[in-house]
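Peer 1: From first to last, the protein sequence lines stand for chains A and B.
Just so we're aligned, residue 1 is where the first sequence starts under the working numbering, counting upward by one.
Just so we're aligned, residue 1 is where the second sequence starts under the working numbering, counting upward by one.
Simulated from the structure, these hints should not be mistaken for lab results.
Glycine included, C-beta positions come from ideal geometry on N, C-alpha and C.
Among these hints, one or two may not hold up.
What the hints assert, rightly or not - DSS-like mimics (lysine-lysine), calculated; alpha carbons at most 30 Å apart, straight line: (1) 55(A) with 534(B); (2) 512(B) with 27(A); (3) 52(A) with 534(B); (4) 313(B) with 27(A); (5) 416(B) with 148(B); (6) 73(A) with 424(B); (7) 424(B) with 213(B); (8) 152(B) with 27(A).
Said to hold, decoys possible - Output of the computed footprint for chain A on chain B, the stretches with three or more beta carbons under 8 Å from beta carbons of chain A: (9) 34-44; (10) 245-251; (11) 298-310; (12) 333-343; (13) 504-513.
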Amino acid sequence: MADELVKIITDYVIDEYLEEDDDIEVKPDTPLISSGIVDSFSMVSLKRFLEKKYKISIPDDKATPQAFDTVNKIVALVREYTR
Amino acid sequence: MSSNIGSYEERIGNFDWPQARKAMGFEDGAPLNIGAICTDRIVAQGLGNKRALIWESSTGEVRTYTFNDLKRYSNAFAQLLRGLGIQPGERVCIFMDRIPELYIGFLGILKAGGVVMPLFSAFGDDSLHMRMDDGQAAAILTTKKLVKRVRKIKDRMPFLRHIIVVDARDEDLRDGEMAFDMATAPAPEEFDVFPAHLETPSVLHYTSGTTGKPKGALHVHSSIFSQSLTSQWVLDLQPDDVYWCTVDPGWVTGTSYGIIGPWSLGITQVVLDAGIIIDRWYKLIQDHKVTMWYSAPTAIRMLMREGVGTVRKYDMSSLRHLCSVGEPLNPEAVVWSKEAFGKPFHDTYWQTETGSIMIANYPGMPVRPGSMGKPFPGITAEVLDPRTYEPLGPTGRIGLIAFRPGWPSMFRIYWKNEGAYRSKFRDGWYLPGDRARIDTDGYFWFVGRDDDVINTAGHLVSPFEVESALLEHEAVAESGAIGKPDPVNMEVVKAFVALKPGYVATPELELKIMNFVRKKLSPLAMPQEIEFVKSLPKTRSGKILRRVLRCQETGEPVGDLSTLEED
Numbered sequence: 001m002a003d004e005l006v007k008i009i010t011d012y013v014i015d016e017y018l019e020e021d022d023d024i025e026v027k028p029d030t031p032l033i034s035s036g037i038v039d040s041f042s043m044v045s046l047k048r049f050l051e052k053k054y055k056i057s058i059p060d061d062k063a064t065p066q067a068f069d070t071v072n073k074i075v076a077l078v079r080e081y082t083r
Numbered sequence: 001m002s003s004n005i006g007s008y009e010e011r012i013g014n015f016d017w018p019q020a021r022k023a024m025g026f027e028d029g030a031p032l033n034i035g036a037i038c039t040d041r042i043v044a045q046g047l048g049n050k051r052a053l054i055w056e057s058s059t060g061e062v063r064t065y066t067f068n069d070l071k072r073y074s075n076a077f078a079q080l081l082r083g084l085g086i087q088p089g090e091r092v093c094i095f096m097d098r099i100p101e102l103y104i105g106f107l108g109i110l111k112a113g114g115v116v117m118p119l120f121s122a123f124g125d126d127s128l129h130m131r132m133d134d135g136q137a138a139a140i141l142t143t144k145k146l147v148k149r150v151r152k153i154k155d156r157m158p159f160l161r162h163i164i165v166v167d168a169r170d171e172d173l174r175d176g177e178m179a180f181d182m183a184t185a186p187a188p189e190e191f192d193v194f195p196a197h198l199e200t201p202s203v204l205h206y207t208s209g210t211t212g213k214p215k216g217a218l219h220v221h222s223s224i225f226s227q228s229l230t231s232q233w234v235l236d237l238q239p240d241d242v243y244w245c246t247v248d249p250g251w252v253t254g255t256s257y258g259i260i261g262p263w264s265l266g267i268t269q270v271v272l273d274a275g276i277i278i279d280r281w282y283k284l285i286q287d288h289k290v291t292m293w294y295s296a297p298t299a300i301r302m303l304m305r306e307g308v309g310t311v312r313k314y315d316m317s318s319l320r321h322l323c324s325v326g327e328p329l330n331p332e333a334v335v336w337s338k339e340a341f342g343k344p345f346h347d348t349y350w351q352t353e354t355g356s357i358m359i360a361n362y363p364g365m366p367v368r369p370g371s372m373g374k375p376f377p378g379i380t381a382e383v384l385d386p387r388t389y390e391p392l393g394p395t396g397r398i399g400l401i402a403f404r405p406g407w408p409s410m411f412r413i414y415w416k417n418e419g420a421y422r423s424k425f426r427d428g429w430y431l432p433g434d435r436a437r438i439d440t441d442g443y444f445w446f447v448g449r450d451d452d453v454i455n456t457a458g459h460l461v462s463p464f465e466v467e468s469a470l471l472e473h474e475a476v477a478e479s480g481a482i483g484k485p486d487p488v489n490m491e492v493v494k495a496f497v498a499l500k501p502g503y504v505a506t507p508e509l510e511l512k513i514m515n516f517v518r519k520k521l522s523p524l525a526m527p528q529e530i531e532f533v534k535s536l537p538k539t540r541s542g543k544i545l546r547r548v549l550r551c552q553e554t555g556e557p558v559g560d561l562s563t564l565e566e567d
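Bound-form chain A, shown alone (with noise of 0.2 Å):
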C-alpha cells in the first residue's frame, strides 16, 4: 500500500503544483513545503485531497506545513488516520 500511496500523492503533486515542462523530479523524500514547490495555502488541496481519496479526517492541528513537508511524511500522515 505505502509504493501505491507514494505513487498517488507524488502523481497529485506532480499535476497539481508543477508547470507542465517542470524540471524538477519529485521523489519521496524531496522536500515540499520548504523548497517552495507547495506552499503553505496551497497545502490545504493537498489535505482535502487526501482526506477526500482516503475517506480520512486530518486535524488541522496535525495538518503542518513540517508533517507535509516530503511525499513520505504525507504518507505517514494518511496510514496514521487510516488505521
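Guided by the hints, dock chain B onto chain A, whose structure is given.
Peer 2: What follows is chain B alone, placed relative to chain A:
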C-alpha cells in the same frame, strides 16, 4: 542597550519631517535615489565590506553579499536596463522567489530610473497578467522556473519589450528572452545613477480592493525618509543588528522593510528562501544570530501551535527585539512570545498605500497585548465617526481609522485610477479602510475591515477577483466570496457557489474548483472551503450580498434586508 527612539512622548512633541530629513543627512533639493542610498551611500560611509545580505536557500546553501557587492551588482542591473533602452519612469517587474537577484535587481532598477513593480512569485496567470497589463510593464526580471508563467501570457502583452532571466543559460531560453548573470555581467565601478527627486516615482505595488481589478499604489523616492526613520524608531535597527524580515518582497513589507529601510541604514539582513518550516526558522535565528525579527501574526500563531518545547531546542538568546505586521496580533501571541523568547512581539499597523509604519508599539513603551499601539511621530491619526467623519478621539468608540496626508511614504496615486484614489479621502483625511477605537491613553485597537476585502495571513484578497475566477469555471453559475474567521490566518477565503444545471456538488468538484482558482489567481486566493448553494443572496440588480453571506457564516444577525435589496 537603549532604544533609538528613546522617549516616545518627547519625539511626538518636537517632530517635523523636514528636520528629520536633515537629521538623516539629506539636503533640500538634492537628488536622491533609493537605489543609490542603499548601496553607494553606504559604501561611501566606509561600510563597503560590511555584510549586507546573508542569503540561505531552501537546500541550506548560504551566500553572503557585502555592501560593495550590492553596489557592484546593482550597477550591473542598472547598466543592463539602461543599455536596453529602459526609460526613466518605465515599469520593470520583478517576478522571482526570494533569491539575491530579487533584492539587488530592485535597487538596480531604481538606479536606472525605472519604477519597480514587484510581483509575488506565487501569482497565477491571471493575477500576473492583470498587474502587468495595468502597469504596462516594459521589462520583467524573472527566473528559469517562473518564466514559464510569463510565456503563457506573453502574447497578450505587446508592451513588454524585455524578458530577462537571471539564472538561465541562453540555450534555456526562447525568442525574446535574454539571460543575465549579475555575478559575471559587466558592471561599472561607478554608475551614473538617475537623479531622482522627492516626487520621482519609485515603486508600484498592487493591492486588492473590494471591486474591480487590483490597484497599483504608486510610491516615490522620498518614501525612504519614512521607511528609514521607522526602521530606526520602530524596528529599532542598530548598527550591529542582524535583521530578519520574513515577508516576501512581492508585498509591501518585503520592500519597505525587507530592502529599503534596513539597507538605507547599512544593516545586515538575513533572507531565507524557503517555506515556513518551524525548526528551520529557529535554526536560522540560531545560526546567524538574528537580533531583530519582523514577522507576521499568521507565522507567529503557527509557531505557537508548535509549542515552546520546539523553541527550547535552539539558542534564541541573540534575539533583542521582535515586531509583527500584516494583521492584528492577538493578545495570546504577545503573551506567548514573552514566554517563548523572553520578549514580546510589538505589533505595527500600516498598509501598501501608506508605504511605512503608521501606528506601532515602540521599544521601551509598555506593550498592551492586542493593541496596535500609538501613531508614529509626524503622523496625525484619528478614528472618525463613520457617518459624520468627525474625529471620535480617545473615547473608546469604534470608527474609521484616518490619517492626515503629508507623510513622505504616502502613495501618490492609484495607477491610472484617479477615481479610486479620490474615493480614499474624506474631509482632508486618508481612510485606509479599517475600523478601530482609541482608548483613553491613546492606544489604538483594531476592530476590522470597513469593506469586503479579505485579509488572509496579512495579505489582502479581493472577493471580486475570486468571484470572477470562480465564474470562469465551467460548472459555476453564481459565486460569492467572503473572509471566514480562521484561528491561524485571521481569515481564509470561503466561497459560496451555485452550480449550472447538470453539475452535481461533490467533494471532487469542490477540489477541482479550488485548484482552478489557485492556478488562475494565487494560493492565497484559493477558497479553502466551498459551500454549494442553490442560489446566492442578491440585490434586485444582481449584486451579491456578501454581508449576508458573512452573517450566515458567523451566525450574526443579518438585520433588515429590505433596503439592501435595492442596492
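Peer 1: Check the hint pairing residue 512(B) with residue 27(A) against an upper bound of 30 Å on the C-alpha distance.
Peer 2: holds, 24 Å
Peer 1: Using C-beta distances, would you say chain A covers the region 245-251 of chain B, given that this needs three or more residues below 8 Å?
Peer 2: violated (count 0)
Peer 1: Can you confirm whether the C-alpha distance between residue 73(A) and residue 424(B) stays at or below 30 Å?
Peer 2: Violated, at about 48 Å.
Peer 1: Within 30 Å, alpha carbon to alpha carbon, are residue 313(B) and residue 27(A)?
Peer 2: holds, 29 Å
Peer 1: Count the residues of the region 34-44 of chain B whose Cβ falls closer than 8 Å to any Cβ of chain A, and tell me whether that reaches three.
Peer 2: Coverage by chain A is violated for the region 34-44 of chain B (0 residues, Cβ < 8 Å).
Peer 1: Do three or more residues from the region 298-310 of chain B put their C-beta atoms closer than 8 Å to C-beta atoms of chain A?
Peer 2: Coverage by chain A holds here, the residue count being 3 at a Cβ distance below 8 Å.
Peer 1: Verify the proposed pairing of residue 152(B) with residue 27(A), using a straight-line Cα cut of 30 Å.
Peer 2: holds, 27 Å
Peer 1: Tell me if the straight-line CA distance from residue 52(A) to residue 534(B) falls inside 30 Å.
Peer 2: Given pair residue 52(A), residue 534(B) holds - Cα atoms ~23 Å apart, limit 30 Å.
Peer 1: With the threshold set at 30 Å, check whether the alpha-carbon distance from residue 55(A) to residue 534(B) stays at or below it.
Peer 2: Roughly 26 Å between the alpha carbons, so the hint for residue 55(A) and residue 534(B) holds.
Peer 1: At least three residues with a C-beta closer than 8 Å to a C-beta of chain A: is that true for the region 504-513 of chain B?
Peer 2: holds (count 4)
Peer 1: Please verify whether residue 424(B) and residue 213(B) have alpha carbons no more than 30 Å apart.
Peer 2: It holds: about 16 Å lies between the C-alpha atoms, which stays within 30 Å.
Peer 1: For the region 333-343 of chain B, does the count of residues with a C-beta closer than 8 Å to a C-beta of chain A reach 3?
Peer 2: violated (count 0)
Hints 6, 9, 10, 12, counting from the list given before, are not met by this structure.
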